[in-house]
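Student: The chain contents come next:
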Amino acid sequence: MEQENFSPQESLQLIQSMITKTRRDIGDNSKHFLLWGWATFIACTAQFILKNIYGYPKHYLVWLIIIPASIISVYMGIKEGKKRDATTYIGESMKYLWMGMGISYFVLSFILSRMGWQTNVFPFFILLYGLGTFISGKLLQFKPLVFGGLSAFALAIGSTFFSYDYQMLFGAGAILISYIIPAYMLQRKNRSTTK
Amino acid sequence: MNEAENKMTEAESLKLINEMIGKAKRSYITTGAASIVWGILIIFCSLLTWYQFYTNHFFDFDVWLLVFLAVIPQIYFSIKEKQKKKFVSHDERTMTYLWTTFGICIFVLSFYNSKFGSNEHSSTSLFMLMYGIPTFITGGVFKFKPMIFGGLICWVLSIASMYTDIAVDMLFMAACGLFAWLIPGIILWRRYKKQQTC
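Chains as they are written, first to last, in numbering that gives the first Met the number 0: chain A, 0 to 194; chain B, 0 to 197.
Calculated directly from the structure, the hints in this document are not laboratory data. Every residue, glycine too, gets a C-beta built ideally from N, C-alpha and C. It is possible that part of the hints are untrue.
Stated by the list, open to error - Derived coverage of chain B by chain A (criterion: at least 3 residues anywhere in the stretch with Cβ under 8 Å from a Cβ of chain A; other residues may be distant):
1. 55 to 64
2. 91 to 99
3. 122 to 129
4. 152 to 164
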């Protein structure tokens with residue numbers, strides 16, 4: 000096999016290409032961000048409408064949407080895992096980041112179920128939205144995710160000044176800024192770079 | 000230096016990248032000291048709080064303010080590390096973001112607690128949940144199992160603390176400091192010392 004020669008600059012380009020490849024992988028996987036983003040956004044807004052406009056007492060049932068979302072997400076993950084050829088070093092970091100975030104969401108849901116869902120639960124979830132997206136943004140060097148993460152932190156603090164009824168809207172806003180919009184931007188960016 | 004000397008084969012380039020990863024891992028070993036300091040402080044504050052609940056004798060000051068003291072050695076260690084380093088790897092940058100974000104989250108959580116008052120019981124569960132996040136991710140990124148286990152222990156104790164009283168929660172909190180930071184920190188520190196003697 001003929002050996003390819005790299006200058007130090009080319010080596011750095013190789014590292015940069017690793018970041019680009021991971022970003023593309025994540026871009027391909029932006030459907031996970033979109034699936035969770037839209038499921039959460041729909042749940043937050045639907046709960047707000049059911050509770051505050053229609054006065055429906057079992058408004059929290061909208062969160063059952065998480066069950067089919069989880070099943071679809073696991074199915075998509077297994078399907079993609081079979082397709083993927085190689086994982087980059089940054090891809091590995093992303094894997095542990097989102098594994099950690101997944102466990103944290105589970106533990107948080109458990110704690111909050113014991114505390115009572117009528118307490119101020121949204122600031123905690125918004126905080127975790129911010130944590131995952133901010134670090135992802137820094138790892139992938141993708142500013143919309145960084146901005147989304149920082150905005151989520153601000154919204155987490157802001158939401159504490161409002162009642163539970165309005166915190167749902169903060170949750171919807173945070174998921175829109177930190178998951179949905181960056182995911183569409185990432186998808187668009189990857190499409191333009193692969194063309 | 001001529002151009003031929005500047006050129007590297009693909010294998011050499013990959014070796015260079017591997018070396019960078021290896022160096023980053025070695026340099027991470029030196030940060031064991033910060034982990035030890037943080038672990039000792041969490042254990043100390045938790046046991047002191049446990050003592051207050053156990054004896055029903057409460058101090059006039061909040062012992063958890065001591066945690067802010069940990070920031071001073073953390074800054075000292077990070078400046079010292081930075082001076083030693085010739086380059087900053089992608090992993091190390093990631094760790095900086097991760098732990099900075101953890102700091103922001105702890106700040107937001109403290110802000111939330113001060114605003115919504117004193118449900119100390121559930122707030123300790125939430126703090127333990129937060130402790131687990133950066134510990135688990137750091138362990139995963141550096142393939143360092145003691146920290147992966149440390150993170151998992153934090154989460155298990157976070158759930159368990161929902162069923163216990165605040166005094167027991169403090170013992171759980173001390174256990175988090177022990178398993179998430181002190182023990183991994185000591186392992187890292189010993190590896191570092193061993194490496195220096197080699």
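Student: Each of the hints needs a verdict: does it hold here or not?
Tutor: Here is what the structure says about each hint:
1. 55 to 64: violated (count 0)
2. 91 to 99: holds (count 4)
3. 122 to 129: holds (count 3)
4. 152 to 164: holds (count 4)
Checked against the numbered hints above, the structure violates only hint 1.
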